[in-house]
Amino acid sequence: MSPAGRIRGGKLIAADNLYTAILGLALCIVLATAVFVAYKCYFQYGTFYEIP
Amino acid sequence: MSTLTKILIVLLTIASIFLCGIVVTYVANADNYREKYTSQKSERDGLKEKTVSLSEQLNNKIAEKDALEDKLNREIAALNKQITNLQGDLKTINDKNQILELRVTDMASVVETSAQTAGTNGQLLKETLVELNKLQSQQIKLSAQLDDTSATLLEKLAIIQTLETEKKRLTEEKLELQGRLGKILQPTGKAPAPVTPVTPQKDVARPAPVISQDIALKGLVTAVDLKNKMASISIGSADGVKDGMKFHVTRGDKFICDILIIDTDTEEAVGALELMQEQPKAGDTVSTNL
Numbered sequence: 003m004s005p006a007g008r009i010r011g012g013k014l015i016a017a018d019n020l021y022t023a024i025l026g027l028a029l030c031i032v033l034a035t036a037v038f039v040a041y042k043c044y045f046q047y048g049t050f051y052e053i054p
Numbered sequence: 003m004s005t006l007t008k009i010l011i012v013l014l015t016i017a018s019i020f021l022c023g024i025v026v027t028y029v030a031n032a033d034n035y036r037e038k039y040t041s042q043k044s045e046r047d048g049l050k051e052k053t054v055s056l057s058e059q060l061n062n063k064i065a066e067k068d069a070l071e072d073k074l075n076r077e078i079a080a081l082n083k084q085i086t087n088l089q090g091d092l093k094t095i096n097d098k099n100q101i102l103e104l105r106v107t108d109m110a111s112v113v114e115t116s117a118q119t120a121g122t123n124g125q126l127l128k129e130t131l132v133e134l135n136k137l138q139s140q141q142i143k144l145s146a147q148l149d150d151t152s153a154t155l156l157e158k159l160a161i162i163q164t165l166e167t168e169k170k171r172l173t174e175e176k177l178e179l180q181g182r183l184g185k186i187l188q189p190t191g192k193a194p195a196p197v198t199p200v201t202p203q204k205d206v207a208r209p210a211p212v213i214s215q216d217i218a219l220k221g222l223v224t225a226v227d228l229k230n231k232m233a234s235i236s237i238g239s240a241d242g243v244k245d246g247m248k249f250h251v252t253r254g255d256k257f258i259c260d261i262l263i264i265d266t267d268t269e270e271a272v273g274a275l276e277l278m279q280e281q282p283k284a285g286d287t288v289s290t291n292l
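Order-wise, the sequence lines are chains A and B.
The first sequence runs 3 to 54 under our numbering.
The second sequence runs 3 to 292 under our numbering.
Hints may be right or wrong, so weigh each one.
[Stated by the list, open to error] Straight-line distance between alpha carbons at most 25 Å, and here's what the computed PhoX-like set of lysine-lysine pairs gives: (1) LYS170/B x LYS158/B; (2) LYS42/A x LYS38/B; (3) LYS229/B x LYS256/B; (4) LYS42/A x LYS43/B.
Derived from the structure by calculation, the hints contain no laboratory data.
This one's a predicted model, so the numbers in the text were calculated from it and none came from an experiment.
Throw the hints in and build the complete structure from the sequences for me.
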């Protein structure tokens, strides 16, 4: 698997690393959302899970 | 990497971005229930304190109301006692009032009887006064007639006395003439013939009838001075008025007063008012005879 793009049959084909980066971006977005929700829960209710 | 894997990666990424965006938007716009809980709790605590303070005030007001009610009840009891006493006094006063009303009724009947008696007496007094006025008028007329008769009598007595003197003188003269004639005829032996008077002698002397002298002087009152009780009339010495004459003042058929003349002038005379029944005024008739 090479990160360089390849041309297959006259078409420009993206490298596999690009999809890995997109997947990492999605993971980062999910993590940031989880952190933001945790932050909001902790500072508004004082806990992550329980109902005060 | 297969194409299907790539498509799934892209779809997973897009779905992740979309769902995370929704979650972030919801969480960012969600209400802060803890802050609301805190504020509601503090507000509830404040209301609890306020309720406690209001309860204390209510208890104080209730205590004041009870004290005031006790005080007013005592005052009401005292006033009820006063009302009872005043009702007793009122009853006593009503009894006295009834007794006094009975007395007033009796006195009213007595007063009514007295008023009727007074009215009757007043009527009798008026009638008596009217009769007295009539009698006074008659007395004045009779007095005037008596004065005239007395004056006439005095005049007649004076005339009689003069005539008696003249008669006595004539009798003496007659006796003397008869004596002289007897002396003259005595030498010739003749006697004088008895004297036959021309005037026949009346047998019985009769009293002369009362003649009221009718001077018939009439005039008018020209001025009256009630302060000095003096009046002036419109006739004087030229009409025969003399001092001391008495004039009667009349108004229609009504006798007013008398005027005794004390000063005369040619065309008027002044006199004093006497027997005044009413106040004379200028224009009243004056005459010597009524």
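Status of each hint after checking the structure:
1. LYS170/B x LYS158/B: Holds, at about 18 Å.
2. LYS42/A x LYS38/B: Roughly 15 Å between the alpha carbons, so the hint for LYS42/A and LYS38/B holds.
3. LYS229/B x LYS256/B: 23 Å, holds
4. LYS42/A x LYS43/B: 22 Å, holds
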